[in-house]
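**Q** Each chain, letter by letter, is given below.
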Amino acid sequence: EDKVVQSPLSLVVHEGDTVTLNCSYEVTNFRSLLWYKQEKKAPTFLFMLTSSGIEKKSGRLSSILDKKELSSILNITATQTGDSAIYLCAVKSSNQFYFGTGTSLTVIP
Amino acid sequence: GAVVSQHPSRVICKSGTSVKIECRSLDFQATTMFWYRQFPKQSLMLMATSNEGSKATYEQGVEKDKFLINHASLTLSTLTVTSAHPEDSSFYICSARDGISTDTQYFGPGTRLTVL
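Protein sequences appear in the order of chains A and B.
The numbering used here applies: residue 237 is where the first sequence begins, and numbers increase by one.
The numbering used here applies: residue 262 is where the second sequence begins, and numbers increase by one.
There's no promise every hint is true.
Claimed, not checked - In silico lysine-lysine, DSS-like type, Cα no more than 25 Å apart, as pairs:
#1 A:Lys276 / B:Lys325
#2 A:Lys277 / B:Lys327
#3 B:Lys316 / A:Lys277
#4 A:Lys277 / B:Lys281
#5 A:Lys276 / B:Lys316
#6 A:Lys293 / A:Lys276
#7 B:Lys325 / A:Lys277
Unchecked claim - Now the stretches of chain B that chain A is said to cover, found in silico as 3 or more residues with beta-carbon under 8 Å:
#8 303-310
#9 370-376
Hints listed in this document are in silico derivations from the structure and should not be mistaken for laboratory results.
Virtual Cβ for every residue (Gly too), placed ideally from N, Cα, C.
Same shape as in the complex, but just chain B (with noise of 0.2 Å):
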């Protein structure tokens, strides 16, 4: 089946740095990336849509600065965290679509950021 790896699984970065997550599609071509944050009570919060070679698509509230995504390849989507503080502490998670299945979404594992 389609497989979605994140990396790093887990970041532990000082107060005012920069952290960078891949999001990759193993075998197959992600068309459109999501991303997410896990906030407490387990919800997910839809950050943004990235479709290839194009820019983002942030949700509301979501500083497109602040989170900086790239979708450079058909199997890469990056997240760049800048100048982290530590309420942007949380899950991060990515989930891909091939293109053909418009409802599939395929979820990474997820990238636990601790910003110290």
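Excised from the complex, chain A in its bound form (with noise of 0.2 Å):
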């Protein structure tokens, strides 16, 4: 069965913490991962990621994809609290999306 497990489900930091947000797949013919933030409407897409091993940059955001585990994560450092949303991701087949529940991040000032 296809799918994609987000971790942790929520976490709460203190502004200025850096935060690791993890991704783990199990989708047949892998095209791509996608990561989101969500806060009120509609995701905002931050990062595609195609390749194994290649850092995605903006910002304060990175991500990097590893196909041998399956996984990514996304690294958000000095943590505002603009921060807090939900955190989506989302994996791309031939012909399908698989998402997961989120990471709900929470940042206290």
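Put the two chains together into one complex, using the hints given.
**A** Below, the structure written as structure tokens:
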């Protein structure tokens, strides 16, 4: 059964902390792995990863894919209260998406 | 875990025809369902929010007469793309909330619509 599992389910940190969110998958015909940030309405696209070992970076956020371990991590450094959100991981196969249930991150001032 | 299915997974239709996409929650009751459209560069656009038994709430810029949404039961919502045009070609993804955990959304696998 194809699936995407994210951990932890929820996380509470203080401003300035660094967090690592995990996404593991079992998906046949893997094409890409996507990270989204969901605050209120539609998830906001963060990264798309297709190749193993290549880090993608955007400001304080970075992500990397490990195809051997069938996993990806999303790092957020120097967290801010505005980082509070649900972070979704999705894997795209040849013609379907598999979403995880997300990690709920709360950053306390 | 909670599972959301969509049917069909892929559909090709001629311009001017209508296409219905189903979104089902298989093992829970979905009080709220969401319909998204994926655009190039992977962004997801929320089209509408539907609550069982009531009219859907459409986001600004989404034509409600073109994208008909029906949430007739606690396990089924449908999106009908009427008079489809090639520019409607996209991935349409639904998600559902179970009404218990207000934050968690369970996403369906998506439906790829191609309008010729």
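**Q** Hints first: check each against the structure and report whether it holds.
**A** Status of the hints after comparison with the structure:
1. This hinted pair checks out: Lys276 (chain A) and Lys325 (chain B) have alpha carbons roughly 21 Å apart, not beyond 25 Å.
2. This hinted pair checks out: Lys277 (chain A) and Lys327 (chain B) have alpha carbons roughly 21 Å apart, not beyond 25 Å.
3. A distance of roughly 18 Å separates the Cα atoms of Lys316 (chain B) and Lys277 (chain A); the hinted pair therefore holds under the 25 Å criterion.
4. Restraint check: the Cα-Cα separation between Lys277 (chain A) and Lys281 (chain B) comes to about 24 Å, which is no more than 25 Å; the hinted pair holds.
5. At most 25 Å may separate the alpha-carbon atoms for a hinted pair to count; Lys276 (chain A) and Lys316 (chain B) meet this at roughly 20 Å.
6. With a C-alpha separation of about 23 Å, the suggested pairing of Lys293 (chain A) with Lys276 (chain A) holds against the 25 Å cut-off.
7. In summary, the hint linking Lys325 (chain B) to Lys277 (chain A) is supported, as the alpha carbons are separated by about 18 Å, within the 25 Å threshold.
8. Chain A is given as covering the segment 303-310 of chain B, and this holds because 5 residues of the stretch bring a CB closer than 8 Å to a CB of that chain, at least three being needed.
9. With 3 residues having a Cβ less than 8 Å from any Cβ of chain A, the segment 370-376 of chain B passes the three-residue criterion, so the hint holds.
Violated hints: none; the structure is consistent with every hint.
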